[in-house]
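A.B. asks: Order-wise, the sequence lines are chains V and E. If you read the first sequence in the working numbering, its first letter stands for residue 19, the second for the next number, and so on. If you read the second sequence in the working numbering, its first letter stands for residue 42, the second for the next number, and so on.
These are computed hints drawn from the structure, not numbers from a lab. Any given hint could be a false lead.
[What the hints assert, rightly or not] To give an idea of the chain V side of the interface with chain E (calculated C-beta under 10 Å), a few residues:
#	residue
1	Met-19
2	Arg-22
3	Pro-253
4	Ala-324
5	Lys-330
6	Gly-418
[Claimed, not checked] Stretches of chain E that chain V covers, calculated by requiring three or more beta carbons in the stretch to come under 8 Å of a beta carbon on chain V:
#	region
7	86 to 95
8	136 to 145
9	148 to 155
Idealized CB from N, CA, C, for every residue including glycine.
Residues per chain are reported as follows:
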Amino acid sequence: MRLRDILGFALRALGSHRSRTWLTLLAVTLGAAAVVLLAALGEGARAYVAHEFTRLGTHLLIVFPGRNETTGGPPPLLGETARDLTLADALALARAPGVARIAPLTVGSAPVSAGGLEREVNVIGTTAEFLEVRRLELAQGRFLPTGDPSRGRGVAVLGKTLAKELFGHRQAQGEWVRIGDRRFRVIGILGSSGQSLGDTLDDLAIIPVASAQALFDSPGLFRILVEARGREALPGAEAAIKEIVRARHEGEDDVTVITQDAMLATFDRILKALTLAVAGIGAISLAVAGVLIMNVMLVSVSQRTAEVGLLKALGADQGQVAALFLTEALLLAGAGTLAGLALALAAVGLFNEAVSAFRLVVPSWAPLAAAGVSLATGLGFGLAPALRAARLDPVVALAGR
Amino acid sequence: MIALRGIERRFLVGDQVVAALRGIDLTLAAGEFAAVMGPSGSGKSTLLNILGLLDRPDAGSYALDGLETTALGEERRAALRRERIGFIFQSFHLIPRLSAAENVELPLTLAGVAPRERRERVAAALEALGLTPRACHRPDQLSGGQRQRVAIARATVTQPALILADEPTGNLDRASGEEVIRALEGLNARGLTLILVTHDPQLGGRARRRIRMEDGAIAEDQCA
Chain V
19 MRLRDILGFA LRALGSHRSR TWLTLLAVTL GAAAVVLLAA LGEGARAYVA
69 HEFTRLGTHL LIVFPGRNET TGGPPPLLGE TARDLTLADA LALARAPGVA
119 RIAPLTVGSA PVSAGGLERE VNVIGTTAEF LEVRRLELAQ GRFLPTGDPS
169 RGRGVAVLGK TLAKELFGHR QAQGEWVRIG DRRFRVIGIL GSSGQSLGDT
219 LDDLAIIPVA SAQALFDSPG LFRILVEARG REALPGAEAA IKEIVRARHE
269 GEDDVTVITQ DAMLATFDRI LKALTLAVAG IGAISLAVAG VLIMNVMLVS
319 VSQRTAEVGL LKALGADQGQ VAALFLTEAL LLAGAGTLAG LALALAAVGL
369 FNEAVSAFRL VVPSWAPLAA AGVSLATGLG FGLAPALRAA RLDPVVALAG
419 R
Chain E
42 MIALRGIERR FLVGDQVVAA LRGIDLTLAA GEFAAVMGPS GSGKSTLLNI
92 LGLLDRPDAG SYALDGLETT ALGEERRAAL RRERIGFIFQ SFHLIPRLSA
142 AENVELPLTL AGVAPRERRE RVAAALEALG LTPRACHRPD QLSGGQRQRV
192 AIARATVTQP ALILADEPTG NLDRASGEEV IRALEGLNAR GLTLILVTHD
242 PQLGGRARRR IRMEDGAIAE DQCA
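Start from the sequences, fold in the hints, and give me the full structure.
C.D. replies: Structural data, given as structure tokens:
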């Protein structure tokens, strides 16, 4: 029998019980669409995180106080406390080879007030370089002045939201605000920064690092952001940073240096696993659709018993009968998959058109996986009914018993 | 053309073994027109199923055109059915979703004949049975006589040597039955071997050879 004739015969058979065919197609369609949409959701999340990271600059190193790795060796005789990372350490790093600029960070929470209004916000103590390192923009005024970072000054840069809440539509630049028990003059307002890994930069105050250390009464830094001269300078800069800190901390390796890439890679791995997991959930719904295909085919075989008997009388062998019924199952799976892919791609297109903050990204493997799983279930679940038809005794089948 | 020797066929009914055919010996020459008659349960349909290679005997030999068929595999038997034998059933067995022409085309389609040749042979088969104007009708749009003639066209389109008909007029009124018998006689006149099972004595009387069965054995075998 020719392939075209097999397809034609199977199509006619499917067309003869329309509602059953449509319902099965719907199930396969939804299953295939679920695989693609869930994968697109996961992949979109991955792309979102990657994008956020690269916005921070791809050759950034972050230095934390303390170690987060344990190595072998005898336990220390005396209790080992991580040393604070000081401003002097930070300034020493600025001179390391391969380092373009650094920004020390002290972070705390403090009440900020002006004209009787008060808000509790995050206060960042840093230096003029922070603007460059974090790629921030100013809406108006200036950023923190350059100069000796160890000298505190009574100046502050406010986030957009904070400035609006304290001063409304009045000019904030040049006004005085009180942060904790100190007074600061507002010298600049940050521009809209959007979201940075869920962390808004609109609702904070930035003051010189020495002022923040005095305000929070802590000599230690929260972390130091180090920008390398380029991607290729990253390993050298990382080694130099560790070397300098070890020299300054009496031979103790008590900081953790992580690169942007390492963090990105970690997130990437997590989100990839997540994407596969949700796509797997979609695949389960496809398998359920496969069960439905099997059910429809079994009903079809039992309703068309006499037809199977006739086909055998006309000279169809077992292989031909099995092929005819298996083709029906595969047509259901194949057509459902195509419809599902079209539905999913249309839904992704509409979503991306309507929502600008988050984009769904269909990974190239998702449609292939959906088609593969779908055809495999069609084949797997179509085989039993097809074999049942093929093995019917023609005499019994023709008698319709 | 057909040589049966010692054919036995037993069925298990509940826990009892019932012999449907016992020691059938039968020889038919090419071009014969034979009617197999007898009461219900006499084994005529079982005999027809064995002749049509739809069923296998439990014992005995069946040679079709000199070829011993009892030892053949299912695929070879299917091929023989496709190439040598045409079936006509009491209840027509037309596929309801296909048109008359498509039903007639089915055996050629199964045999993998090229579409162009199929169309020509289908048209000729329909023409021979006066069904050309009905080619595009579905079975539910045809009368009983027309349906059975479509089935005859389907049985003959592959140009088999042997036509097996099981009560071909059983579901038809007298006039339609007459139409169908004439069509079958026409086939036999063209040299096809025709074996028909019936318990209608009038129909059986038109065959040149009458075989009467009783209790799974041939009780009478006479030529007119």
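A.B. asks: Confirm or reject each hint.
C.D. replies: Hint check:
| no. | hint | in the structure |
| --- | --- | --- |
| 1 | Met-19 | holds (5 Å) |
| 2 | Arg-22 | holds (8 Å) |
| 3 | Pro-253 | violated (68 Å) |
| 4 | Ala-324 | holds (6 Å) |
| 5 | Lys-330 | holds (7 Å) |
| 6 | Gly-418 | holds (8 Å) |
| 7 | 86 to 95 | holds (count 3) |
| 8 | 136 to 145 | holds (count 4) |
| 9 | 148 to 155 | holds (count 5) |
Of the numbered hints stated above, the single one contradicted by the structure is hint 3.
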